[in-house]
Amino acid sequence: MKKVIVVGNGMVGYKFCEKFVAKAGSEAFKITVFGEEPRPAYDRVHLSEFFESQDAKALEMAPRSWYEEHNIELITEVRISDIHRDKKTITSVDDEEYDYDYLVLATGSSPFVPPIKGVEKEGVFVYRTIEDLEGMLAYAAKLKATNPNAKAAVLGGGLLGLEAGKAVMDMGLEPHIVEFAPKLMPRQLDSRSSQVLQLKLESIGLNIHLSKATNQILGDEGYITGMEFGEDDKLDVEMLIISAGIRPRDELGKTCDLEMGVRGGIVVNNKMQTSDPDVFAIGEVALYNQMIYGLVAPGYDMAEVAASQIIGDADVLMPAEIDMSTKLKLIGVDVASFGEPFMPASKGHSVIFENKTQHLYKRINVSLDGKSLLGGILVGDASDYNMLHQVFLNGMAIPEDPAQLILPATEGGAFGSALDLPDEAQICSCENVSKGQICGAIKDGSCEDLASVVSATKASTSCGGCKPMVTDLVNETLKSLGKTVKNVICEHFEYSRQELYGIVKVKKLTNFNEVLDACGTGHGCETCKPVVSSIFASLYNITPNKEDVTQDTNDKFLANIQRNGTYSVVPRIAGGEITPEGLIVLGQIGSKYNLYTKITGGARIDFFGAQLNDLPAIWKELIDAGFESGHAYGKSLRTVKSCVGSTWCRYGLDESVSFAIALENRYKGLRSPHKIKGGVSGCIRECAEARGKDFGVIAVEGGWNLYVGGNGGATPRHAELLAEKIDNETVIKYIDRYLMYYIQTAAPLMRTAAWLDKLEGGIEQLKKIVIEDSLNIVEELEKDMQFLVDAYECEWKQAIENEDMKKRFSHFVNSDDRDDNLVFVPLRDQKMPKHWEKEAKEVTL
Amino acid sequence: MEEVLSKYKTVKDNEVTVWFKAASVDAFPNDGGACVKYKDLQIAVFNFSRLNAWYACQNLSPEKQEMVLSRGMLGDQKGIPKIACPLHKKTFSLLTGENLNGDLDPIAIYPVKIEDNFVYIGFSE
Ligand code: SRM
Ligand SMILES: Cc1cc2nc3c(=O)[nH]c(=O)nc-3n(C[C@H](O)[C@H](O)[C@H](O)COP(=O)(O)OP(=O)(O)OC[C@H]3O[C@@H](n4cnc5c(N)ncnc54)[C@H](O)[C@@H]3O)c2cc1C
Ligand code: SF4
Ligand code: FES
Chain A
4 MKKVIVVGNG MVGYKFCEKF VAKAGSEAFK ITVFGEEPRP AYDRVHLSEF FESQDAKALE
64 MAPRSWYEEH NIELITEVRI SDIHRDKKTI TSVDDEEYDY DYLVLATGSS PFVPPIKGVE
124 KEGVFVYRTI EDLEGMLAYA AKLKATNPNA KAAVLGGGLL GLEAGKAVMD MGLEPHIVEF
184 APKLMPRQLD SRSSQVLQLK LESIGLNIHL SKATNQILGD EGYITGMEFG EDDKLDVEML
244 IISAGIRPRD ELGKTCDLEM GVRGGIVVNN KMQTSDPDVF AIGEVALYNQ MIYGLVAPGY
304 DMAEVAASQI IGDADVLMPA EIDMSTKLKL IGVDVASFGE PFMPASKGHS VIFENKTQHL
364 YKRINVSLDG KSLLGGILVG DASDYNMLHQ VFLNGMAIPE DPAQLILPAT EGGAFGSALD
424 LPDEAQICSC ENVSKGQICG AIKDGSCEDL ASVVSATKAS TSCGGCKPMV TDLVNETLKS
484 LGKTVKNVIC EHFEYSRQEL YGIVKVKKLT NFNEVLDACG TGHGCETCKP VVSSIFASLY
544 NITPNKEDVT QDTNDKFLAN IQRNGTYSVV PRIAGGEITP EGLIVLGQIG SKYNLYTKIT
604 GGARIDFFGA QLNDLPAIWK ELIDAGFESG HAYGKSLRTV KSCVGSTWCR YGLDESVSFA
664 IALENRYKGL RSPHKIKGGV SGCIRECAEA RGKDFGVIAV EGGWNLYVGG NGGATPRHAE
724 LLAEKIDNET VIKYIDRYLM YYIQTAAPLM RTAAWLDKLE GGIEQLKKIV IEDSLNIVEE
784 LEKDMQFLVD AYECEWKQAI ENEDMKKRFS HFVNSDDRDD NLVFVPLRDQ KMPKHWEKEA
844 KEVTL
Chain B
40 MEEVLSKYKT VKDNEVTVWF KAASVDAFPN DGGACVKYKD LQIAVFNFSR LNAWYACQNL
100 SPEKQEMVLS RGMLGDQKGI PKIACPLHKK TFSLLTGENL NGDLDPIAIY PVKIEDNFVY
160 IGFSE
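Top to bottom, those sequences are chains A and B. Position 96, counted from 1, in the first sequence is what my numbering calls 99; the numbers after and before it change by one each time, with no gaps. Position 83, counted from 1, in the second sequence is what my numbering calls 122; the numbers after and before it change by one each time, with no gaps.
If you are wondering where the hints come from, they were derived from the structure by calculation, not from laboratory data. On a predicted model such as this, the values are computed, not experimentally measured, just so you know.
Computed cross-link-like contacts, DSBU-like style, restricted to lysine-lysine with a CA-CA straight-line distance of at most 35 angstroms:
id, chain 1, residue 1, chain 2, residue 2
1, B, Lys128, A, Lys145
2, B, Lys103, B, Lys128
3, B, Lys48, A, Lys837
4, A, Lys809, B, Lys46
Using the sequences and the hints given, assemble the complete structure.
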């Protein structure tokens with residue numbers, strides 16, 4: 004049996020193992036892997052997620068058991084110190100010797116630390132390993148305990164530096180980015196896009212310092228207190244993260260005389276062989292085409308090449324051109340560059356679209372003949388990145404007016420469907436999966452849905468950026484084969500939500516077990532139970548009180564569960580209008596039950612920290628004072644936000660508060676696939692942010708404009724215009740029809756924005772259905788809605804007036820005691836639950 | 040908090056030395072659960088009436104160590120009865136305590152018996 008030794012168990016070293024054992028003939032080899040880090044390889048690309056989760060396991064590429072199952076010996080926490088090429092052996096730091104037939108060096112790189120005076124001080128970190136992050140978290144927590152306004156800087160404004168900047172911000176420190184060059188992301192962006200990015204980053208709270216050469220790290224007592232640039236140019240910071248580039252960890256290559264690059268890196272050919280044909284180098288340690296590629300995708304390609312070469316498949320070679328396109332994965336800031344981002348005028352033309360007020364910059368570079376796309380830069384909106392990148396990679400034809408590719412709101416987009424891409428189009432660049440492989444897996448029958456395609460091809464399992472495209476390809480292929488794209492609810496129901504809705508309605512089923520017996524299998528679960536409960540509510544306005552055991556926990560207790568198992572209480576404050584007397588009562592109740600109180604983002608009042616046992620008493624007092632449930636816990640109407648409108652505002656064109664209250668009262672309690680929010684503004688200044696809501700109404704000269712399908716949240720989307728200049732009755736009529744149609748046809752937990760995106764024909768189609776009645780259903784929709792409106796009942800009133808229903812609100816069945824596990828700590832003048840263990844975030848008191 | 044966790048140890052049927060009389064059968068909703076206090080322990084007890092079976096486990100979710108499992112939702116995964124934690128929907132087998140959708144530590148489970156319309160939970164002292 005031949006022996007393969009892999010030195011380095013990082014992303015690329017792991018990928019080598021994965022690819023190797025998947026190949027025919029790999030049984031004839033024994034693989035041994037050495038890793039210096041204490042744990043098996045993890046996903047460094049998503050390292051920043053560790054700040055939030057602090058769950059190292061979640062980042063693992065594969066558990067230790069995977070290596071065992073594949074007969075790979077994994078030896079961690081051991082550094083290899085020497086290679087003896089003459090004997091074909093290596094030795095570890097503890098002087099153990101191992102022999103090999105093939106040696107694969109996957110030792111990666113280490114952060115480059117510039118030789119600045121004082122860098123050795125405490126509080127200066129690099130950003131590469133889980134241990135680095137643990138160190139930063141502990142240090143940040145310590146800093147904040149003594150100084151709530153502590154500052155931290157990142158040295159380096161490149162891709163990684165900006166990611167580190169976001170991490171600093173999330174740790175609650177004041178973030179500063181210090182860059183030597185006169186622009187951000189100098190390798191990817193031109194100066195104009197860098198300026199736009201700078202504005203955007205500053206608007207979210209990052210402080211940017213460009214053209215700064217750091218002379219010295221300040222601090223007299225061994226820890227950092229600041230950075231010095233010029234004589235009088237200083238920045239006070241208590242922590243510093245260095246992100247100034249990487250250096251290949253090529254020390255093993257040097258000591259055994261492999262050919263090295265002038266500036267480091269182990270030289271390899273297109274077979275990934277070093278100057279010794281039995282020694283391979285892959286990943287960030289390998290110098291290929293005189294380049295170190297600091298990205299994971301080329302590293303994975305190298306792993307594939309080396310694995311093939313060793314097994315004996317000599318045809319698999321590294322391509323000469325390597326795609327360096329990148330997308331920044333900072334949440335909330337879109338930045339991407341692909342192909343040739345900077346284009347000299349002699350080689351092509353650039354088309355540039357810039358809108359500084361919206362922090363938008365898009366540039367594409369087009370060949371001189373105007374026929375192909377050579378590269379580009381996207382800042383502020385990178386939603387077209389996947390498509391543009393594909394057009395570039397595959398040399399696809401572009402529109403006669405290339406500007407169409409980047410101009411905002413090209414209806415339907417300038418691109419056709421993803422299916423128009425050629426089969427070779429590389430969809431997932433991390434895992435190198437082509438369109439042909441994805442569609443082929445469906446066509447040859449080996450896969451039947453997204454989940455099975457993902458597990459068979461590994462597409463979208465690394466950075467996830469291609470997920471939307473993979474989903475589209477799978478769905479489109481299924482459709483082209485005449486198969487319906489089936490979104491079944493879970494293992495208990497072979498139906499989509501829409502189908503189940505139909506069955507429940509036709510068979511007039513009214514409890515969960517009936518539905519399960521009529522058309523399901525097994526005993527239900529946490530996925531299908533809430534779906535069925537929501538369908539009952541949408542059909543008959545049955546409240547969660549009737550069958551509380553099939554409700555999501557929030558619905559079950561008519562309150563939102565909080566971190567420590569206590570609940571929040573949100574009474575309805577329709578349209579945001581409340582009398583001073585109402586406010587006083589709320590204050591008294593909050594104070595009596597010692598509840599943490601705040602104004603919500605939905606413009607109403609939330610009480611937190613109520614114990615289960617107290618909920619009925621709190622609600623009794625609220626209801627006695629004239630309040631009712633706010634359904635903050637339900638997948639149901641939340642709020643209709645209003646601006647003050649024409650009753651007071653000097654610009655108001657109509658009474659937005661009155662209308663918001665009317666709408667909120669009409670739809671309150673309405674259960675739906677996901678929550679619904681509304682907004683009413685008195686003029687186009689839009690102070691109620693109505694266009695960010697599921698339905699939004701804005702007063703204009705001559706009536707109201709009605710917008711639908713807006714969303715804040717994780718994927719913000721402006722609502723689209725459904726009808727113009729209509730009166731109050733027509734607004735209500737259209738909203739009735741629109742919401743009811745949504746309720747009947749959407750998938751579980753799909754907001755109206757995503758639903759409208761998926762609706763074939765989009766807003767135009769919706770107009771036809773809702774306004775022109777193309778499906779001949781509006782009468783039915785209106786009737787269904789009116790039924791639900793009339794059936795409304797405050798479920799909290801129901802619960803406190805019925806002894807049986809009230810029973811569920813106690814912590815123990817056999818005792819009146821309360822949960823003795825609860826610990827609250829002071830927070831400013833109020834309280835909060837004690838932090839979860841391992842949580843480093845500290846709160847400043 | 041590790042301390043709290045260490046108080047909960049699975050009890051096998053043949054290890055029971057004390058049968059604690061918790062509450063009457065009808066105090067537990069059909070296909071639902073409730074929490075029982077026994078000395079300084081919190082035990083989640085489930086009446087899985089669709090399966091005609093009773094189960095008990097620690098009330099403490101091992102993920103964030105909050106006393107919430109009794110408020111979770113019952114269900115089955117390929118026939119295995121399970122409970123989903125109300126906080127982040129981690130699910131646990133009610134037969135073995137094993138975490139079915141992650142690699143959290145298993146939860147402790149306890150024997151339950153019904154006699155004269157009363158629910159008893161088995162402990163070993
Ligand atoms: C309390 C509140 C934050 C605050 O203190 O201000 C809040 C708190 C929660 N939000 Fe929110 N959201 C609150 C306003 C908002 C807003 C602002 C708004 O309504 O104008 C948004 C963005 C607008 C939008 O929805 O389009 C918002 C977008 C979300 C999302 C993302 C939804 C999306 O489509 O992407 C979630 C997650 C989800 O629902 O899946 C969420 C979920 C949650 C949950 C329910 C998370 C959870 O399951 O524990 C939080 C618990 C609520 C509670 O009372 O315990 N919350 N949340 C706000 C309550 C408003 C109210 O009066 O009812
Ligand atoms: C925060 C962060 C974000 C990133 N984001 C992206 C991104 O969005 N997109 C992207 O494409 N890339 C990104 N990268 C880069 C990507 O992580 C690297 O390209 C990739 O990890 C390189 O893999 P590798 O196996 O070559 O090196 P590594 O993952 O560094 O693995 C090398 C391993 O070898 C070990 N080792 C070294 N010497 C020895 C020895 N002598 N004996 C034993 N073991 C040894 C090291 O300890 C290490 O564990 C990011 C990197 C970081 C740090
Ligand atoms: S939206 Fe118009 S009416 Fe409403 S507050 Fe703003 S300016 Fe006034
Ligand atoms: S606390 Fe139970 S699953 Fe997170």
